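Please put together the full structure from these sequences, using the hints given.
Residue numbers (mature numbering (1 follows the signal peptide of the UniProt record, and there is no 0)): -23 to -1, 1 to 526.
No wet-lab data here; the hints were simulated from the structure.
These numbers were taken from a predicted model, which means no experiment stands behind them.
Hints are supplied without guarantee of correctness; some may be wrong.
To be verified - Below, in silico cross-link-like pairs of lysine-lysine (DSS-like), each with a Cα-Cα straight-line distance of 30 Å or less:
#	residue 1	residue 2
1	K28	K353
2	K17	K3
3	K201	K143
4	K259	K185
5	K143	K353
6	K262	K185
7	K185	K201
8	K143	K80
9	K17	K353
10	K17	K28
11	K201	K262
12	K353	K80
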Amino acid sequence: MKRKNLIAWLVALALLLSGTALAAEKELVVYSEEDLARAKEYTDTLDTSGKTYDEHLTIELATEMLDATQDYNQGSAGSQWFTEHFNFDFDLVAIPDSNANDKIRTMINSGEVPDVLRWNGFDINEIISYIDQGLFYRLPDDWEERWPNIAHTQSLVPVADALAEKVDGTYGLFRVVMYHYYPGDVVVSHNSIYIREDWANAVGFEIKDAYTPSELLEYARLIKEQDPGQVGANLVPIASDTGYLANLFLGSTYPEYNQIYRTEDGQYHWGFSDPQTLEGLKLWKEAYDEGLISPEFYVYSETDAVNTFSISGVAGAVLNPGSVCGSVKDGFANDQGLDETAWHQAAMIGEDGYYHDYANDNFWGVTYFSADIDEKVFERYMDIVDFMVSDNGADFRCNGMRYIDWDFNEDGTRSMVYDTSVYRRASDSNFWPVYTLLGACGDDNGFNPDPVDASEDALFYANQLNAVYNAKLSRLTDNSIIERDWESYGFSSDAQTALTAIDYRTIMANLVVGEGDLEENWQSIISENAYIIDPALQELNETFNSDAE
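Written as structure tokens, this is what we have:
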């Protein structure tokens, strides 16, 4: 019943890591103490809460992705402003990325949760068990009135209400992904198709904002036949790993293919056994048998696939996250000597020409609090986050600080005070992830219609992602987005846990590359997994469908 939605961390991680790499190559801005003082004074006015903070507090915070070499209290102008304005300092605990989940679970189970714990992972049943044991702090009943900006972010995350209902209160704050600048009401994925535009033009293939699986295979056949790039035997028409090929051939048209879902009559059903899944598998196998996709896609990673396209230049297309567009651009420029006219980024849509997906969870990670956190510390942290997710806070996060990053022009517009192609942003050289991820991810910064830094380089990411998102948003139908079954969400039992033993990636890869009749092999998989599926379906129907026999 669980569906892992990785849109948040894929966008954030790719964007922010690429930003870190670029920052390392740029010069550090030198600004005067006078300008720094003016910047802090002006930023003070952005906090319109009217609160003052006489008592200095220390906030213990454990989180992933910290750089132990950075000073997150005084290391940048932005960090200085936060600690000075809110009169606090962070006592930070860096959780290693390599074994973050194990470290966090040990921390929780040993009763050593710091004041604030930020965890990128989320499993509702696991979190409920911790709450039942009294390991997390319960937010006061009036928290939504006291911190309305945070409350707004939580209203955009459906799981927040679901968890609160199940545990009778709020015990965690979900870090919202899209909330401020995002161009639509429906959050869609950024899964993208990258094709060689120069090759497409050479073979007469139409450049569009979105492609169906069959359309992409048409392109693949054309470049395989004509080899416009003169690659020869090394040509890979479509480079991809198993996951993204599944997105293309199955998920883009029939998202239920790997889900237990509820039908209109209230009964639960296994999507893998549906004929739509078989049709997607047939198209996938057709592409494999014709040599149109990576011959060893089952051992490919996303990075392997995109490198085949942008660095080695032997692929005609790649299926990858939309957020890697910057890496694609750099690869073409640095390794192939080609500019942006050589490639094109488009949306991935279903065979019927419309976008299909499950409703996006719209969060990346959750913030929890120690069960015995000091009320003063809790309130101070909430004040900080409430500012950061306000309109002014979003602008601060997106554009930086006046006087050292930007200033007003005579006509009231704003412009940067330095060349962003040469210098990195003055206010936040070590800002991420402590401040940028306060309550919300920085992902929707890219959708800001009026950023101060409107340079071509700065708008590249925004323009690419906006094109993909808008292509999908313009192809929605009443049935495009499948809502989660909230009634059974979080239901846990041995039978439901057993569902996790089904390895869809391996099953699909074996069906595609395997010998024999595909439909017969697919039917065999259904039969072989009946001992897992049937008890789970029966239990769900008996528990949540009073009409079930």
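Hints, verified against the model:
1. K28 with K353: 13 Å, holds
2. K17 with K3: 24 Å, holds
3. K201 with K143: Violated, at roughly 54 Å.
4. K259 with K185: Distance ~25 Å between K259 and K185 Cα, so the pair holds.
5. K143 with K353: 27 Å, holds
6. K262 with K185: 25 Å, holds
7. K185 with K201: 20 Å, holds
8. K143 with K80: Between K143 and K80 the Cα gap is close to 26 Å, so the pair holds against 30 Å.
9. K17 with K353: With Cα atoms ~24 Å apart, K17 and K353 stay inside 30 Å; holds.
10. K17 with K28: 16 Å, holds
11. K201 with K262: Holds - the C-alpha atoms of K262 and K201 are around 17 Å apart, at most 30 Å.
12. K353 with K80: It holds: about 27 Å lies between the C-alpha atoms, which stays within 30 Å.
Consistency with the previously given hints fails for number 3 only.
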